[in-house]
Every structure is written in structure tokens, then in C-alpha cells.
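Protein chains: 2
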Amino acid sequence: MKTYLECIPCFMKQALKAGKITTCDETKIKELLDHVGSMVKEIDLEDIPPEIGAKIYKKIHEITGVKDPYEEIKQSNIKEALKLYPELKEIVKKSKDPLLTAVKIAIAGNVIDLGVNKEFNITKDVKKILKQDFAICDFNEFKEKFEIAKSILYLGDNSGEGVFDRILIETMNKPVTYVVRDIPIINDITFKEVGVIGIDKVVTEVISSGTTAPATVLNLCNEEFIKRFDEAEMVISKGQGNYEGLSEVKRSIFFLLKVKCSVIADHIGVSEDDIVLKAINLRA
Amino acid sequence: MKTYLECIPCFMKQALKAGKITTCDETKIKELLDHVGSMVKEIDLEDIPPEIGAKIYKKIHEITGVKDPYEEIKQSNIKEALKLYPELKEIVKKSKDPLLTAVKIAIAGNVIDLGVNKEFNITKDVKKILKQDFAICDFNEFKEKFEIAKSILYLGDNSGEGVFDRILIETMNKPVTYVVRDIPIINDITFKEVGVIGIDKVVTEVISSGTTAPATVLNLCNEEFIKRFDEAEMVISKGQGNYEGLSEVKRSIFFLLKVKCSVIADHIGVSEDDIVLKAINLRA
Chain A
6 MKTYLECIPC FMKQALKAGK ITTCDETKIK ELLDHVGSMV KEIDLEDIPP
56 EIGAKIYKKI HEITGVKDPY EEIKQSNIKE ALKLYPELKE IVKKSKDPLL
106 TAVKIAIAGN VIDLGVNKEF NITKDVKKIL KQDFAICDFN EFKEKFEIAK
156 SILYLGDNSG EGVFDRILIE TMNKPVTYVV RDIPIINDIT FKEVGVIGID
206 KVVTEVISSG TTAPATVLNL CNEEFIKRFD EAEMVISKGQ GNYEGLSEVK
256 RSIFFLLKVK CSVIADHIGV SEDDIVLKAI NLRA
Chain B
6 MKTYLECIPC FMKQALKAGK ITTCDETKIK ELLDHVGSMV KEIDLEDIPP
56 EIGAKIYKKI HEITGVKDPY EEIKQSNIKE ALKLYPELKE IVKKSKDPLL
106 TAVKIAIAGN VIDLGVNKEF NITKDVKKIL KQDFAICDFN EFKEKFEIAK
156 SILYLGDNSG EGVFDRILIE TMNKPVTYVV RDIPIINDIT FKEVGVIGID
206 KVVTEVISSG TTAPATVLNL CNEEFIKRFD EAEMVISKGQ GNYEGLSEVK
256 RSIFFLLKVK CSVIADHIGV SEDDIVLKAI NLRA
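Sequence order for the protein chains is A and B. Read in my numbering, the first sequence has 20 at position 15, and its numbers run on one by one without any break. Read in my numbering, the second sequence has 44 at position 39, and its numbers run on one by one without any break.
Pulled out of the complex, with its shape left as it was, chain A reads as follows (with noise of 0.2 Å):
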């Protein structure tokens, strides 16, 4: 997806967010969005919105010296879905139909997303998002394809969700390789954040994609990790970040995710706050 005009000023928003996540220091912050706007210059329209949201946290980084400012409010997020666990994993095992039923449930673990400006409530957000209807739900191509899938490629997306990525991997009961990025960034799921939720257990493999930016971006990702998600039988990408670096790719890939801004709402055809299950190059 390319960069729409309207990402900018939300740049500048998440910017400042991250600022004040990070320091306390008001120079500092407004350092950042001195840096952050003399950037916008350099943004190309045709560039893809995380290729940019990498900048302005490798700018974070430098102005602060803090690594990962997230760290505190990623265990803590993942903390409070853990608790939630039993309760869903008993919602599914009672469901009629335990796959799209966890399916909704790893989409509702993307609510925990503070890389957009949108606050979220994980127990009641969760809770209200198993009764929310699907916008676009391709759950039979979803199904066909899982069903003679020898292996699924499965891109993380936020560190809370990941505890709503197991139980949809505990449900598939199918070799999975999870997907995690390579270095902290906003509350993305790294290897640390794997190791405390439990999915190293319940996967095959779990390896990282290369990617400095908060999502799956292919150009900044690494050889290995291509050729991985080329090859792959099905992939599963959640979240909004991993939809902007893959939407235009040409292969086919399952998108789950909870939709959090009007442009990418505008760009599926849906509103936002929809729940989305969306197939795209089925027969690529």
C-alpha cells in the first residue's frame, strides 16, 4: 500500500506518541518532530507507510539512547491476554466451529496496537470483537487452503496479540513457522516476547524477518526470510503493518486484521473498527 497524504500528519501523531512513551523530556520530543517534519520532504507518496514509520523510530532511538520503550507496556499487554487465555481457549473448544472461532479470536488480539492512535481496552475490546460481525470474511478459502496446506508462514504482528496467535496455532494443530521482526519496535513481537507467551512451544520454528520496520516490508527484509515466504504453502499475516507492506505483493496470503484508520479502511473497502479475514492471490 502506498503512503497516502493523509498518513502524514499521523506520522507526526505517532511520533509524539512514541516521544512521550519513550522520555519525559520535552526538548527531546520536540527534537523528534523537528526531525519528523524535516523527513516529510523526503516522503515519497509511493513509498510504503512502515518503510517510513522505521525512520522515525531509528530516529526515536537515536535522539533518546532507549532501545525498547515499549518493553514495560509490552509485558505488561501480554500479561493481561494471558489471563484471558483459559477463558478463550474454552470459548473455542465449545465453538461449532473451533477454526474460524479462533481465527476471531487472533484478529481480536489486534487491538493491542500502539502504532496507531487509537486507544484500546484488551479484556473488553476482545470481549466485543467475538460478537462483531466479519466485514469481509474469505473463511472458506481460508479453510480450503488450510486443509491440504502441508506448513503455514505465520507473520506476528503486535507482542499482546501473539498470546491470540497461539491459540489460533494450537488450534490449526499444523507446523507453523511464526514470523517475528528483528529489532524492537513499537510493541511489535520480537523473540523475547515469543519465549514469555508460550508460541516457541507450539510452532515448528520461529525466525525473524529481517525487518527494522513494523512490518513486513519485503524490500527491508532479509534473503532467507524471502525466499521462506515465496516458498511457503499459506501465509497467514495479521495486523495493519504487515497489510501496508504486503497488499500489493503477488502471492497469495491470508490478511487478518482489525482495522484502525480510515485510509486503510478506505484502501480494503470497509469502515473502520471492522474485523477483516481477506484472501488475496488465491491462485498465486
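All copies of an identical chain are treated as equivalent in the list; a pair is satisfied when it fits inside any one copy or across any two copies.
Each computed SDA-like pair below joins lysine to any residue, with the alpha-carbon atoms no more than 25 Å apart:
id	residue 1	residue 2
1	Lys150	Ser257
2	Lys35	Asp271
3	Lys35	Ala270
4	Lys35	Ile273
5	Lys33	Tyr9
It is worth saying that the hints were derived from the structure and are not from the lab. Every value quoted in this text rests on a predicted model; they were computed, and no experiment measured them.
With the hints as your guide, set chain B onto chain A.
Coordinates of chain B only, in the frame set by chain A:
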């Protein structure tokens, strides 16, 4: 009021909004955002926010060549407000306290603000506000000053809002000098709109403050206005922009506004969407 870090993404959002109202040319809007981005480093947090607003809107005029992009919207807002005029006059007439009711109506008109990132529906919002309680209501102080003042200096704000100002001015029934902006800026009221609304028929005089900002920022006003402002027996200031410009000024002022952003809400000590009649420096 000083500029807060939160104002910076908001300037960018305002620039985008104004750019989209002014032109359909994405390249020109991007050029505008590039300029506003590079202006961020020149922002001193001690600046008054509308001083920066003045620079942004000047840049829009330079880039697009359009001097009054809000012209049609202003006329349409005035038309809608004028439709409400007879009904609102009747409400004042039947009211137990016509002056207080007219003050509330004048504040209700302050929803018609295109300089903030909030949508509005004139008819619906005005009727809602008429039922709303004040968060701050220094009406006793207002009434006391009003009763002894032989004349009033009334600082206008948005164009459509002028219709509601007219109702308060008619209710006060005292000599009023109505103050407008010097040039078209956002949807603020100028001499042109005053004529359409008929404010000129109910006041002693209409003058310009000389400001090129979307607010009464004294260091951007002309000498004649500053003299009138200093000597006025009673000053009524409408809206957020005028509050931002005058909140630290050392003379008595009655601020009438609808709070439309979190920064101003925090500064006043109220909540977003509150309505306020706030007096400052009553002994000065």
C-alpha cells in the same frame, strides 16, 4: 497560551484539511505539508498557536494562489445559521433569563469552527448545546460588568457564528464595537460576512483587529485596535483562537467558547466538548 507538543501534529492535520479544501492537486498539498513539516523546527513552544496558524494559512495562499478557500463554506454556514435565527430569537424572548440564554446561544455558535479537527452539524449541535450545562459559568461577574459598562468590545470568531453573536448583541442592547479579522483566514469572520449577517446594523461600529492570524494575537494587531482593546470597559472574546491569543493578557476579558481540543481543555481545566463562560482579571 503557549504552544504544546500536541499542537504540532494538529498543525499538520489542519494544513492537510485546509489543503484539501483549497485544491484537488495532491502534489500541491504534498508541497504544503513539506513546508509545514520544515516549519516545525522553527516553532518555539513559547509561541502562541495561532501565530503558527497564520504562517500555515499564508503558505496555503502562496502555494495555491487561492485567497479565500473557505468562501463558499462560510456562506453556506451563514445561510444555515440564519435559518435558525427566528427560532433562537423566540427562545431568548421566552427565556426566564434572556441574557444568559443569549450568552449560551453565542457559545453554541462556536461549534462552526473549521480550524479544529472536529466535524460539526450546526442545527443539531446548537440544539444540543442549548441543553448542556456550563463547565465554567462566570455569569454573575459577566452580568455585573455588563450592567455598568456603557459600551462593549466584542471579538468575533467564525463566520457562521456571527449569526449567534448578533442574537447576543441584540439582547444586550448596548453600544457594541464588533471586531473582525483583517483578511480571510480559515472560516473566520471578516467585514464581508458581517454585511451578509447584518451585524453592522445592530452594532455601533465594525472594526478590524489588523491580525492576519486566526485569532486576536496582540503582537499581530494594529495600534488602533490595541488602543481600543486597552481602553474598552468590557471585552467579550469568542472562541478558541481568541482564547489562545489572549489568555495571558493582563486585562479583564470574558471568554465565551466551546472547547474543541484536549490542549485547550487542559489549559482551562475542563473537558473537551464543554461550554465555558470564563472571566479573567476582573479587577484589571
